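Taken in sequence, the protein lines are chains A and B.
Note that the first sequence covers residues 1 to 378 in my numbering.
Note that the second sequence covers residues 1 to 339 in my numbering.
Rather than coming from a laboratory, the hints here were simulated on the basis of the structure.
Note that the structure is a prediction, hence the values are computed from the model and not measured.
Every residue, glycine too, gets a C-beta built ideally from N, C-alpha and C.
Each hint should be verified, as a subset may be incorrect.
Said to hold, decoys possible - Cβ-to-Cβ under 10 Å is the rule here; a few derived chain B residues that face chain A:
id: 1; residue: Arg21
id: 2; residue: Leu22
id: 3; residue: Val23
id: 4; residue: Gly25
id: 5; residue: Pro29
id: 6; residue: Leu30
id: 7; residue: Tyr321
id: 8; residue: Leu330
Claimed, not checked - With a straight-line cut-off of 27 Å between C-alpha atoms, the simulated DSS-like cross-links for lysine-lysine are:
id: 9; chain 1: A; residue 1: Lys314; chain 2: A; residue 2: Lys336
id: 10; chain 1: B; residue 1: Lys132; chain 2: A; residue 2: Lys129
id: 11; chain 1: B; residue 1: Lys65; chain 2: A; residue 2: Lys133
id: 12; chain 1: A; residue 1: Lys129; chain 2: B; residue 2: Lys65
id: 13; chain 1: A; residue 1: Lys162; chain 2: A; residue 2: Lys215
Said to hold, decoys possible - Here are some, though not all, of the chain B residues that point toward chain A, as calculated from beta-carbon distances under 7 Å:
id: 14; residue: Arg2
id: 15; residue: Asp5
id: 16; residue: Gln7
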Amino acid sequence: MRYVDEFRDPDLITKASEEIYRLADPERHYRIMEVCGGHTHAIYRFGLKDILPSNIELIHGPGCPVCVLPMGRIDDGLAVASNSDVIFAAFGDMMRVPGTHGSPFEHKARGTDVRIVYSPADALQLARKNPDKHVMFFAIGFETTAPSTALTLIRAKAEDLKNFSVFCNHVTIIPAIRAILDSPDMRLDGFIGPGHVSTVIGCRPYEWIARSERKPVVTSGFEPLDLLQSIVMLLRQLQAGEARVENQYKRVVPWEGNRAALKVMAEVFQLRPYFEWRGLGFISQSALKIRDEYAEWDAEQRFPIPGTRVTDPKAAQCGEVLKGVLKPAQCKLFGKECTPERPIGALMVSSEGSCAAYYNYEHRKAAAALVTSISSVA
Amino acid sequence: MRFRDPQIEMAHGAGGKASRRLVEGLFAPLLFESSRAPLGDAAHVRISGSCVAITTDSFVVKPLKFPGGSIGELAVNGTMNDLAVSGAKGLAMVVTFVLEEGLPTSVLEDEVRAMAAALHRAGVTMVGGDTKVVERGKADGMYITTTGIGHLMPQVTIDTRSVRPGDRILLSGPIGDHGITILLARGELDLTADLSSDTRCVLPLIETTVEEAGPGIRWMRDPTRGGVATSLNELARDCGLGIVLSEEEIPVRDEVRGACELLGLDPLHIANEGQFLAVVAPEYADAALNALHQAEGGENAFIIGEVRAEPACAVLVTTRYGGSRIVDMLVGDPLPRIC
C-alpha cells in the first residue's frame, strides 16, 4: 500500500461522492463542522466541495493552533527575541504571522535572529551548537505537537542545557469544541473529528459530544477518500438518528490514543487556569503550561514577558471566521485589506487557516464554475 | 503599482508575488520606462538593423554542489535557457564572479571546470568576465552572474498577445526535481531521496519544437524559482485569459511527490532548471509533442492543459473526479506545515 495513491483513486472518489448523493436527504440542510484546519485545507485543495451535494454545508472549525493565538502572545515571543543573544526558533508556519510590529520574518529582516525548525529537537540542536546564544523555541500546536515539545524539555533537563527554553503556546482541542457547541450562533449536525490530534488523545475524549450533545463525530484522515468516507459515515448515522463516535482514520488513530505521548505530556505540562483564544475569548483549562520542575526551561519564567493584550483590528472578523459563524469571504477585509501578502490575522497565512485555504484554492473559482463540470482537458 | 515595502526580505527574491511587486513597482518604472513590452525571460534589442536577444541571471544557490550539478552548471544552463525560451539561440556569454575571502581554490576550479563543460555541451562561447572578492562572511562561497546574447530563431515569434483560448500548454518533463534536490542537499531535513537536479540546456529540445511547430508557438518560459505555477500565472495575467490544467497529466516523480506531501509543498511551486513550458496552437500541439517524444531528453513531455477564456487571469487545476482548485503564485518561499 502506498498510503496516498489508494486514497486519491479517482474511481473510488467518484463512487464515494455518488454514495453521498444517494444518502443525503434532499429536504434537509446538513451542517457539518470539520474542526481541524488541515481538513479545511484538504477539502479545498482536492476540490471536494465540487463533488458534494449543495445541501451539505461544511463549516470550518477553530482547529488551527496558529490562528487561535492572540497577537499579544506573538508580540511577547518576539519581545524576548529582540534581545541580541536570543535565537527565536519556530515552525515555518509561524514566520509570516503578523504581530503588532511585524511578523517573525519581518523581524528577521530587521536583524532579529529568527530560524525555521522542523521539530523542537532541531531547536535543541541549535542550542547545543550555539553555546553563546540562548535558543527560545516558540512552541505552538494542539495535543499533536505537545508530546514532542515535552520530550525535548525532558532531554534539555537531562543534559542540563543552560541556553535553551520553550515559550509554550500549546492549546487543547476539547475546550475549543465545547466553546463552539456552547455558542448560541452555532447549529451543527455533526463533526468531522480532528485527525492528528486524535493520534495522541484517541477517540474517547469526543464521546461527550455524542452522549450529551447528541451529535455524531467521525475522526477522519486527510486524503479525499478519507473525508468522503467520513461524510458517508456521518450521513448514515444521521439517517438512522444515531449519535456515536466513529474512527475512519483507523490506520493512524488508535481508539485509546498514544499512552506514552500522554504520559510525557503529563510529566512536563499542566493546564493553565485559563488562556485567551482569538475569537473564543478566555477559556478555562484550555492551554498547557510548563510545570515548575522544568521552570529553568520555561521562557515565561526565564525572561520578563510584557504580557501584552492586543485586540484584533476592529474591522477584522477573525473570531467569527474561527467559530464558523462567517465564511472567509464574508469577512469585510477578505481579499482587500487582508491577503496572504498583507495579512491582518493569522488565518490568512497559516497552512491550517481557513482564510488562506479559501483564498489560495477557491476564491476566483466563481468565474470558473462552468469549468468544473467539464471532464479531462488534455 | 508603487513598491511600498519598507525593507527587502527573502520573499522578494523567491520569484513569486513579492518579487513581481519589486520588479513592477520599483525597477520597471525607474529603469525600464521606455520599454513597452511585458517583461519576459530575455529582451530583444535592435542593433544596426539586426535583432539581438540579451538576458542576465545571477546564481546564489546553496549548497554550491548538489546531486546532478553545481552552481557553475546552473550559471551556464540558466542563461542559455532564458535565451532559448525567448526564441533565441545563445551565441556568447560573459560572467562575473563575486568570491568570498577564504574560498578554497579547489572549489572555485571545480566550478570553472563545470562551467567549461556546460558551455561546450551548449555550444556557446564565454567571451569575457569580471571578478571581485569580498571579505569572509559576505558572499556565502561564491555568487555567479552570467549575461548571454544570441540571435533570434526566425521560425518563431514569442508574443503573449497571440495567445488564444484553445491553445495547448506543453511541458517538457517532470517538475520539482531541482528544488527538492536542493532542499534535501541542505541537510536540514532528515530526508533522503534518489533525486538529482534536472539542470540542462533545453536549447536542443526547443529547436526540435520550433522546427516542428514554429508558426504555432505563442509563448515559452522556463519555470525556475516559483515553479510552473508562477510562470503560468504570469502568462494568465499578461494575456488576460485563463489556464486550466489537468492534474493527472502533470509529470511528477514519485520522490518529488513524496517529499512535497511530507513538507506540505505543491510541486507546481517548486523550481526547475531543465524544463520549459510552451503554449502551442492546437493544430500544431500533437506534432510538437511527438517530436519531443522522439528527441533525447523529451520522452516525458506532456500536454498538461489548455488556455480558456475563464477563469480570466488565473490558473485552475482539475482532477479526473471533478474536483478543482485555483493555483496562485506564492508570496515568498514555500513554508512547511506544522501538523
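Hints, one by one, checked against the model:
Look at Arg21/B: its Cβ gets to within about 8 Å of chain A, closer than 10 Å, so that hint holds up. Hint status for Leu22/B relative to chain A: violated, with the closest Cβ pair at about 12 Å, above 10 Å. Taking 10 Å as the C-beta cut-off, the interface hint given for Val23/B is violated, the closest approach to chain A being about 15 Å. Hint on Gly25/B is violated. Least Cβ distance to chain A is approximately 12 Å, over the 10 Å limit.
With a least beta-carbon distance of about 19 Å to chain A, the hint placing Pro29/B at the interface is violated under the 10 Å criterion. Of the supplied interface hints, the one on Leu30/B is violated, with its beta-carbon coming no nearer than about 22 Å to a beta-carbon of chain A, more than 10 Å. Against a cut-off of 10 Å between C-beta atoms, the interface hint on Tyr321/B holds, since the closest Cβ of chain A lies about 4 Å away. Checking Leu330/B against chain A by beta carbon gives a least distance of about 8 Å; that is within 10 Å, so the hint holds.
Only pairs whose Cα atoms come within 27 Å are accepted, and Lys314/A paired with Lys336/A is accepted, the gap being roughly 15 Å. Under the criterion of a C-alpha separation no larger than 27 Å, the hint pairing Lys132/B with Lys129/A is inconsistent with the structure, at around 32 Å. With a C-alpha separation of about 30 Å, the suggested pair Lys65/B and Lys133/A falls outside the 27 Å cut-off, and the hint is violated. Between Lys129/A and Lys65/B the alpha-carbon distance is near 24 Å, which keeps this suggested pair within the 27 Å criterion.
This hinted pair does not check out: Lys162/A and Lys215/A have alpha carbons roughly 49 Å apart, beyond 27 Å. With a cut of 7 Å, the hint placing Arg2/B at the interface with chain A is violated, because the nearest CB-to-CB distance is about 14 Å. Nearest Cβ of chain A to the Cβ of Asp5/B: about 10 Å, over the 7 Å cut. The hint is violated. This hint holds: Gln7/B has a C-beta 5 Å from the nearest C-beta of chain A, less than the 7 Å allowed.
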